[in-house]
Amino acid sequence: MDFISEIAIWGGRITFIDIIDFIGTFAFAISGIRLASAKQFDWFGAYVVGAATAIGGGTIRDIMLDVPLFWMHDPFYLICTGLALLWVIILRKHLIKMHNTFFFFDAVGLALFTVVGIQKTIDCGLPLWVGIIMGSMTGAAGGVIRDVLINEVPLIFRKEIYAMACIIGGLIFGLCKIINVDPMLTHLACGAGVFITRVVAVKYHICLPTLRPEDDEN
Amino acid sequence: MDFISEIAIWGGRITFIDIIDFIGTFAFAISGIRLASAKQFDWFGAYVVGAATAIGGGTIRDIMLDVPLFWMHDPFYLICTGLALLWVIILRKHLIKMHNTFFFFDAVGLALFTVVGIQKTIDCGLPLWVGIIMGSMTGAAGGVIRDVLINEVPLIFRKEIYAMACIIGGLIFGLCKIINVDPMLTHLACGAGVFITRVVAVKYHICLPTLRPEDDEN
Amino acid sequence: MDFISEIAIWGGRITFIDIIDFIGTFAFAISGIRLASAKQFDWFGAYVVGAATAIGGGTIRDIMLDVPLFWMHDPFYLICTGLALLWVIILRKHLIKMHNTFFFFDAVGLALFTVVGIQKTIDCGLPLWVGIIMGSMTGAAGGVIRDVLINEVPLIFRKEIYAMACIIGGLIFGLCKIINVDPMLTHLACGAGVFITRVVAVKYHICLPTLRPEDDEN
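Protein chains in written order, with our numbering: chain A, 993 to 1210; chain B, 993 to 1210; chain C, 993 to 1210.
Worth flagging that the hints you see were computed from the coordinates, not collected in a lab.
Certain hints may be false.
Pairs involving identical chains hold if they fit within one copy or between any two copies, as the list cannot separate such chains.
Unchecked claim - SDA-like cross-link-like pairs, simulated, lysine to any residue; straight-line CA separation at most 20 Å:
hint : residue 1 : residue 2
1    : K1089     : L1057
2    : K1031     : L1147
3    : K1169     : N1143
4    : K1089     : G1117
5    : K1151     : I1114
6    : K1085     : T1202
7    : K1089     : I1171
8    : K1151     : V1192
9    : K1031     : P1201
10   : K1151     : A1193
11   : K1031     : C1199
12   : K1169     : L1118
Based on the sequences and whatever the hints tell you, model everything.
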C-alpha cells in the first residue's frame, strides 16, 4: 500500500493506517451492536451483528475478487469488535452523548474502507469502474448486512447520502489516475472526498431524490 | 456458447443472445426498482435493488462455481440497470399499463438465465443435477435477494410457479443430453420449457401445494 | 477424516459419520421446513428453506475457505432434504409430538457440523481461531439464513445458547490440540462439548445476558 505513512511508535509496527483502521472498525462495530441492543439481542448476537457490520463489506469484496479473506490472517478485526462490545456494555448510558464522535469515526472508517477497496480491486487487475463498486461495497455493504440481520429495511437505501459518498470518492480516485497523480495523494484525495461528502450531506441533510410509488398522483 | 445465432447488425458484434440478455436484465432490474419504489427507496437504493435482482442470481452462481463474476468484465449489465432506473423515473405513471410486456420480458430473461446457468455449470465439469440447481439459481435467486433487501418474505416461495419453471427447463436439458440432441436445440428446448411453463402457470394460476401449519385441523 | 469409525454395513460403505451426517442434515432441514410451513410457503419454498438451513452453513464455510462446495459432489444432502420435506408433508400432525427427538437430532447435527467445520479449516492451513469461527458458522449460519429467508429476526441471536455451544466445543478442540490428544479423541471431545453444552443450556434455560436498550433506566 502506498497510503502507509508510518508513525514510529511501538518499533514502527503501528502505522497511521492501522490507527484509522482501528477507528473505522470500532465505529462500524459499535453501530451494529447498538442497533442489535435496540432489538434485545444477547451478547453473542450483538457481537455477530457488530462483526458483520465491521467486516461484512470487506468479506463480500474479497469473496467477489476471489482473494483470501482479509480478517482470516489477522485477529485484529475480531478483537476490535470484542472491544466495541465491551464498550457498549460498560458505557451504555453514555453512548448517546458520544453521537458526534461516533459519526466522525464512522465517516473516517468509510473513507479508509473505500480507498482500500478500490486499491485492492485494481491490484487484482480489474478496471477502475469495478474498483469503485468494490470500494463502495467495502464501505457500505456491512451496514446492509447489519440491517438484514436485525430484520430492518437497509438504512442506506433511504437516508442521507452514504454509499454515494464512496462513489464520489471513487470518481476522484479515477480522475487522479487519469491526470497521473502520485498514488499516495490519490488515496488521500479519494478518502477526503468520501469524508467531506459524507459530513456535508449529514450537516445539510442532503438526500438523493426518492422514487415515488406508482399510484402517487403528483 | 453454442446458443449464439449471430445477427449481423453493428458489424456482427451484437448477437441474438445479447438482445435477449438485455431484455432479461432490463426486466429483472425493473422488477427490483418498482418494488423498491413502493418502499420509498431513494434513487441509489432503487438502483442497488435493481442491480441485485438482475445480476444477483448469476453472481451467486459464479461465486459457488468459483469462476470470475460475469458482470466484472462487461459494464453492460450495470448500464442496463441504469437505463431501467431512468425508465422507471421517467415513465412512472405508465408502468402499470406495461404490466404484460414486463411479464413477457421477465419470462424471456428467466429462460435465458436458466440456460446460461446450466451450460456454465456443465462447462465447469460439474454434473447435470448441479447444473439444474445453478440454472434455477441464476434465474430465481436475484428475486430472493431483492425481497430480502426490501424486507419482504420472498415472493417465489409462495406464489405461482417460478423457480419450478427453471427446474422443468433443466429436466428438458437433461433429457436432450441423454438422447444426444444438438447443443443449440438443447438450449432452445430448455429455454422454451422454462418460458412456456412460466406463462402457462401464470395464465391458469397454477401453484404448488402450500404446506399447512401444524395446528391446522384439516 | 480421523473421526471415521467405519461400521461394516452395506459393504463398509456407510460409516458412523454418514449416519450422524444424515441425522443432522435431516433435523436441520426439518427445522427449516417447519418454520416455512408456519409462513404458508409452498412445497418448493419449504424445500429451499430446508436446504438452506441444512447446507447453508457449510456452503458459506466452503466459499470463505475457497474450496469446492461440499454438496456439489454428493447428492446425498439434497436427497436428505427431500426426505425431510416428505416427512413433514406426511406426518404433519404428529410433528409436535416428535419435538424432543428433533431437538436431540439437531444437537447431534450441531456437534458434527462444528467438528467438520473446524477440521476442514485447519486442513486449509488456517489458524485454530479461524477454525472455531468456521466451525460455529458451519453449525449455526444455516439457521440464520433460514430466519432471513422467512423474514424473522434470527433466533440464535436472542434465545438459548446455540452458537456459543460450537465455540465451547471449539475451545475444547484447541485445548486437545495443545495437550496433543489423539485426533479422533479430539473430535469426540469437541463434539461432546457442543452436544452437552446445548442440551444443558436448553434443559436449564441458560441464556447469555441481553444487551439492554440505551434508554433503559436501570
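Self-check item: Status of L1147 relative to K1031 across identical chains (alpha carbons, at most 20 Å)
Solution: Result: close both inside a copy and across copies, 16 Å intra and 12 Å inter.
Quiz item: For K1169 vs L1118, is the C-alpha pair at or below 20 Å within one copy, between two copies, both, or neither?
Solution: Within one copy only: 14 Å inside a chain, 36 Å across chains, cut-off 20 Å.
Quiz item: Which holds for K1031 with C1199 at a C-alpha limit of 20 Å: within a copy, between copies, both or neither?
Solution: between (27 Å within a copy, 16 Å between copies)
Quiz item: Given a CA cutoff of 20 Å, do K1085 and T1202 count as a within-copy pair, a between-copy pair, both, or neither?
Solution: The answer is between: 15 Å across copies meets 20 Å, while 35 Å in one copy does not.
Quiz prompt | Within, between, both or neither, where K1089 and G1117 count as close if Cα-Cα is 20 Å or less | solution = Cα proximity of K1089 and G1117: none, with 44 Å in one copy and 45 Å across.
Exercise. Since the copies are identical, ignore which copy is meant and state whether K1089 and L1057 lie within 20 Å (CA to CA) inside a copy, between copies, both or neither.
Key: So K1089 and L1057 fail the 20 Å test inside a copy (39 Å) and across (41 Å) alike.
Quiz item: With identical chains treated as interchangeable, where does the CA-CA distance between K1151 and A1193 reach 20 Å or less: within a copy, between copies, both, or neither?
Solution: within (10 Å within a copy, 39 Å between copies)
Quiz item: Checking K1169 and N1143: alpha-carbon separation at most 20 Å within a copy, between copies, both or neither?
Solution: neither (40 Å within a copy, 39 Å between copies)
Exercise. If the cutoff is 20 Å on CA atoms, where do K1089 and I1171 land: within, between, both or neither? Let me know, please.
Key: Intra 44 Å, inter 48 Å, cutoff 20 Å: neither.
Exercise. Evaluate K1151 and I1114 at a C-alpha cut-off of 20 Å and name the case that applies: within, between, both or neither.
Key: Intra 30 Å, inter 42 Å, cutoff 20 Å: neither.
Quiz prompt | Within, between, both or neither, where K1031 and P1201 count as close if Cα-Cα is 20 Å or less | solution = between (30 Å within a copy, 13 Å between copies)
Exercise. State whether the alpha carbon distance between K1151 and V1192 is at most 20 Å within one copy, between copies, both, or neither.
Key: within (14 Å within a copy, 41 Å between copies)
Comparing the model with each earlier hint shows violations of hints 1, 3, 4, 5 and 7; every other hint is respected.
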